[in-house]
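**Student:** Residue numbering for the sequence shown follows the working numbering, beginning at 1 and increasing consecutively.
Just so you know, the hints here were simulated from the structure itself, not pulled from any lab data.
Check each hint, because a few of them may be wrong.
Okay, derived cross-link-like pairs now, BS3-like style, lysine-lysine, Cα gap no bigger than 25 Å in a straight line [claimed, not checked]:
#1 Lys398 x Lys284
#2 Lys285 x Lys427
#3 Lys216 x Lys398
DEER-style ranges, computed between Cβ atoms [said to hold, decoys possible]:
#4 Arg87 x Val300: 35 to 43 Å
#5 Ser322 x Ser282: 52 to 60 Å
#6 Ser336 x Lys284: 29 to 37 Å
#7 Val390 x Thr86: 26 to 34 Å
#8 Val147 x Ser282: 25 to 33 Å
#9 Val296 x Lys151: 37 to 45 Å
Model, not experiment: these values are computed from the prediction.
Using N, Cα and C, we set each Cβ at its ideal position, and we do this for glycine too.
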Amino acid sequence: MAQVVIISFVCFLCPGMFNALSAMGGAGQVDRTVSSNTNTGIYCSFIVFGIIGGAIVNLLGIRWTICVSGLTYALNSSSYIYYNHTRDGTFSVATGPVLGIGAGILWSAQGMVMMAYPLEHQKGRFISVFWVIFNLGGVIGGIVPFVINYKQGKGSDAIPLPDSCYIVFVGLQAAGALCALLLSPPTRVVRSDGSHVVIDALRYTNVRHETMELCKLFANPWILLLAPMSLGSNFFYSYQYGPYNGALFTLRTRGLNSMLYWASQMVMAYIVSLLHDRESLSRKKRGIISLTVLAVVTNVMWGLTLAVQLRYTRGPDDTHPSSDYPGGLIDFTESSRAAGPMLLYCFMGAVDAHYQSFAYWLIGTMTNDPQMLARYAGFYKGIQSLGAVVAWQLDAQKVALMAQLVVNWVLFNLVLPFTFFVAWRIKAHSYDCMDMAPDVDDWLVDATDNSNKLDNLRRASVYEI
Numbered sequence: 001m002a003q004v005v006i007i008s009f010v011c012f013l014c015p016g017m018f019n020a021l022s023a024m025g026g027a028g029q030v031d032r033t034v035s036s037n038t039n040t041g042i043y044c045s046f047i048v049f050g051i052i053g054g055a056i057v058n059l060l061g062i063r064w065t066i067c068v069s070g071l072t073y074a075l076n077s078s079s080y081i082y083y084n085h086t087r088d089g090t091f092s093v094a095t096g097p098v099l100g101i102g103a104g105i106l107w108s109a110q111g112m113v114m115m116a117y118p119l120e121h122q123k124g125r126f127i128s129v130f131w132v133i134f135n136l137g138g139v140i141g142g143i144v145p146f147v148i149n150y151k152q153g154k155g156s157d158a159i160p161l162p163d164s165c166y167i168v169f170v171g172l173q174a175a176g177a178l179c180a181l182l183l184s185p186p187t188r189v190v191r192s193d194g195s196h197v198v199i200d201a202l203r204y205t206n207v208r209h210e211t212m213e214l215c216k217l218f219a220n221p222w223i224l225l226l227a228p229m230s231l232g233s234n235f236f237y238s239y240q241y242g243p244y245n246g247a248l249f250t251l252r253t254r255g256l257n258s259m260l261y262w263a264s265q266m267v268m269a270y271i272v273s274l275l276h277d278r279e280s281l282s283r284k285k286r287g288i289i290s291l292t293v294l295a296v297v298t299n300v301m302w303g304l305t306l307a308v309q310l311r312y313t314r315g316p317d318d319t320h321p322s323s324d325y326p327g328g329l330i331d332f333t334e335s336s337r338a339a340g341p342m343l344l345y346c347f348m349g350a351v352d353a354h355y356q357s358f359a360y361w362l363i364g365t366m367t368n369d370p371q372m373l374a375r376y377a378g379f380y381k382g383i384q385s386l387g388a389v390v391a392w393q394l395d396a397q398k399v400a401l402m403a404q405l406v407v408n409w410v411l412f413n414l415v416l417p418f419t420f421f422v423a424w425r426i427k428a429h430s431y432d433c434m435d436m437a438p439d440v441d442d443w444l445v446d447a448t449d450n451s452n453k454l455d456n457l458r459r460a461s462v463y464e465i
């Protein structure tokens, strides 16, 4: 658990602060164009380095790769200080691909630690611990701009975040990068039952082996079936951060909303973990129930969002100081106008936490092999970034807000059949070493048919349980 807590704090201070800035809409700027183009650059390189990130982590280890990756978040945040003074977005956009490289590597390592280190009945709990601490970064990151801009009142609706706020973000992200040096190598990590995370058969790897394993990902039917879920898992952020939060609320309220958005994620991550670790239900039943609930609440969320979206067509930008929402930008002091839209934004955060927690838990049911999980996590984040590239460009190209909402809603429902099929075929136990599993298809059948095989694997002297 200690290692998961450490990686959680790294993500709390690095991507957590990045998320807080993004959730304000436009990374704290009035015009979202530079931020949207920067995010496009981030996710373009994230596609590649997410997919190969697992191989990089397996080859180079986790401590220094995560540390260096974390510093790319600080670089990106610092670019907006330059933008504040020059109104030239070149530097910000240029930091995007650099951050994408770092993010791809960091999230591959994070996925391996979170999914491979716990025992099978602890995976939901470990995911929730990570998600709570990680999203604490978003909560604190939302408090910073809210406090700094509080006295500006409603007149702050056309004012970007000041340098002081960005400086705080840069400092916190640099500190998070240094926290990565506290991590232990996977070969030294022992689970709570005394078993080793990295078994003898998996201690060594090389470039040739990692290249072959990466190629196998694109031939693995069950990973490909999860690709639609991966594609849609961050697609909605561009709409929620910009056309919703960025277009409807004053600057200080956007900061407050960001805080509440991530706080709701912390609560939902814990609630979902109780289902995912409920041993009285089979893993298959847990998966089906979790996905069914997710399908219902997500469709309710988009339905409520549609009701709000029908009331406006644009937010503030360099030519329009306010939104065309009835009454203009919403401030949290206007309780009668603010309550519904703000609560809906919190609901969006809770639904996101359920989506992400379920996705990681589902991937974690495939294997306990840390090297495989590093590759799976990287593939998940890489395909996720492909969807994000499209989504952020929709906003950057100023596609109608209603059209963006419809695309998000339709995409989610297209994802469901593929994900339900995978969840329906979850087995009761995972193998600690995928190279020793009889067949990749065995992941899709009830483990009672393979209990003897699993017992034999556990007795094998080549690895320790």
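**Student:** Using the beta carbons of Ser336 and Lys284, state whether their distance is inside 29 to 37 Å or not.
**Tutor:** violated, 47 Å
**Student:** Holds or violated: 52 to 60 Å for the Cβ distance of Ser322 and Ser282?
**Tutor:** holds, 53 Å
**Student:** Is it true that Arg87 and Val300 lie within 35 to 43 Å of each other by Cβ?
**Tutor:** holds, 41 Å
**Student:** Could you check the hint for me, namely that Val390 and Thr86 are 26 to 34 Å apart, CB to CB?
**Tutor:** This hint holds: roughly 29 Å between Cβ atoms.
**Student:** Okay, Val296 versus Lys151 on CB: inside 37 to 45 Å?
**Tutor:** Since the Cβ atoms of Val296 and Lys151 sit about 42 Å apart, the hinted range of 37 to 45 Å holds.
**Student:** Does the alpha-carbon distance linking Lys398 and Lys284 stay inside the 25 Å limit?
**Tutor:** violated, 42 Å
**Student:** Holds or violated: Lys216 and Lys398, Cα atoms, limit 25 Å.
**Tutor:** Answer violated: Lys216 to Lys398 is near 38 Å, above 25 Å.
**Student:** Take a look at whether the Cβ-Cβ distance between Val147 and Ser282 falls inside 25 to 33 Å.
**Tutor:** violated, 47 Å
**Student:** Taking 25 Å as the top limit, are the C-alpha atoms of Lys285 and Lys427 close enough?
**Tutor:** Roughly 10 Å separates the two Cα atoms, so the pair holds.
Consistency with the previously given hints fails for numbers 1, 3, 6, 8, ordered from lowest to highest.
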